[in-house]
Amino acid sequence: MNETNDVPEDLLDLFDAYVQGDLAHERLREFEKRLLCDSQARDYFVRYCRMHADLELEARARQASEHALETINESEAAVPAGRRSLMRWIVPLTAAAVLLAVSSWLIWKSIASEHEEMAWLINAQNCQWAANMGPAGDMQAGKNLRLESGLAEVCFQKGARILMEGPASLEIISANSARLRHGKLTAKVPESARGFQVVTPNGKVVDLGTEFALSVDADGVTDVYVYSGTVEAYADAAKTRNFVSLQERQGARIDVEGVVLKQAQPVPETKPFVRDIPVIVPRRMSLDFQRPIPETLCDAGGRGLGLTHRLPGTGRRLKTNDDNLFLNVAERQLELKTTNSDLNTKYKLDQGEYLGIKLTDLGFTGTEDFALMVVVPNIPALQKVGQFGLYAGIRSDHTIRGGLLSRKEPEQYRQFLVQNQGGKDAPPHFVGLSNPGDDIRLTLRREGKKYALTVENLTTGNSTILTMPQPNFLEQQRDMYVGFFGANTQSEVRRTLILKEFTATVWTKNP
Amino acid sequence: MNDVHARKLEFAECLREHQAQLFGYIHSLLRNLNDADDLFQQTSLILWKKFGEYDRSRSFLSWACGVARFEIANFLRARNRQHLYFTDELNLMLIEAHEALKQDEIDRRRDALTKCTAKLRMRDRSLLEDCYRKSSSVAAIAEQQGRSPQSVHNSLRRIRRALFECIRRTLAQESRPELLA
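Top to bottom, those sequences are chains A and B.
Here this note's numbering is used: the first residue of the first sequence is 1, the next is one more, and so on.
Here this note's numbering is used: the first residue of the second sequence is 1001, the next is one more, and so on.
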């Protein structure tokens, strides 16, 4: 729906009178006429009703769930045995409806009375909280928050918002004040929260409607920097030098000696403060093999595949116009003839086919999540230990790879996922069965510190996932190469793999 | 036996997928949570009984809303409140409008509502609290606060409209491309 249009005033009046239940008969008919001839009015109306429902849902969630459970218990007791199984099974459904109601309870956290909650969590990213020091439960006066890592945004009742960056330790003092014991935060203080205070080990900072950054180091030394507006900084100890007023782009330090203005400089010097929780933006490259792409790796006929890098340590002896590759533009596919090579035991890697891209080209800096996907239709029957799939790594002997592996059983594949350090596969994981002729979609995804390989058998509709923790040797590695491979390990029988729709995605932080 | 089990699973899946919209539809016609909860349960049981008649080529939600509409009509008739009830023609259109409302938008609206409620003045928040959470009647609140019922009504209307407008603005901002912002 177009969110940019204003809803006509008189229509809003009708909506409200309707949800309130006091539309007189004539006005109801008038309202009905408007709705009948105006589809946009209906769209707005449905949304207005939902808002009313959301407000009411939470308000009565507990009441409704009790009510629902009682009703179910009564009817369970009353119905004959034959129907009981149905009733038992209906319970989770109604419970689900109640859950729907409960999920909006956050709305009411903000409506709770002054004596209950002083602040609430409004946004969070990758947060690790110390035990019992998280935002769960009531955020009353005296509540301590200890964020080990990640970003958390807390809104105080008067409207001030702070963004804590882990590690940080904070105590909620009141609806308009907090104590920062250590760590970093930035604060945005609207007019309603003028006078918002942050107490630090050697003083305090009072905000007069502005945005500022604050850090407290291990010794309790406090640095404050003002982005806009005015901030007052007070020191506890000193008789002199115990107060300064800071304007836009000024900084000050509070320590046991007192408070002094600092040279205006972006704070802190090393790592910038986070003023907004960053938005994660996927950066994606997709290949559909529809046309040659110049200045990329080439097939036998010199047609560019769109892929730019081989896994370092592989394919050295392959020709620039690689005989094993055919970019079949008509069929929109890349055909890859497997070679006899194996990452395990580093066997004949100079003729190994490990084709892909370098992740830095998609904005990867070593920590972002990423995913690779390829579709392999009509998979061929590779001989024993023949394998194909996706890899990620810095070079041939530091990789993680997964896909399908042909074992002793004739014409059957098992899914595997394995890491390789120093040229040795360990520890291999296997699961599942696929058959030659099946269409397969493979996805290798890194999320946090975990790798997951998904094999979807598009022919049978089944899928299986294997996961393993990120190996240490890939941690923080920036120069990552990713792509797909096909090899007839331990056999000279070569087969042709068809590859379609290769996609690589990196979830980058938008600065 | 297996067949029944499979049908139950299918039904449960359909119902779960559409429960938010179905509940929203029922609530929008009844405007009262207790009634909506009762009708939702009642409708769910009837949907299950009639699941054999459900034409898989049609939208489950349309079908479910159609069934719910009958139940609601009976319910309101029994309470002699049919004059508060829309015509069939409009109901069909409203079902369509409910169907067009995607879960993603429902979720985003609910999130926005949370944020918008937080921005309200303290006095407005407590009025909402009294009205929705404690389910006090407008008359009771008015008496307690020494105001006229009409003035309480007006306040509630102003708050709801402010929230609605705030949600609209929040979503409009969200939909702006990040890179251009």
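A portion of the hints provided could be inaccurate.
The list that follows gives simulated cross-link-like pairs (lysine-lysine, DSS-like), each with its CA atoms no further than 25 Å apart [claimed, not checked]:
no., chain 1, residue 1, chain 2, residue 2
1, A, 384, A, 358
2, A, 424, A, 450
3, A, 509, B, 1008
4, B, 1008, A, 143
5, A, 348, A, 358
6, B, 1115, A, 158
7, B, 1102, A, 143
8, A, 262, A, 204
9, A, 158, B, 1119
Hints listed in this document are in silico derivations from the structure and should not be mistaken for laboratory results.
Practice prompt. Any hints from earlier that this structure breaks? Give me their numbers in increasing order, please.
Written response: Checked against the structure, the hints that fail are numbers 1, 3, 4 and 7, while the rest are satisfied.
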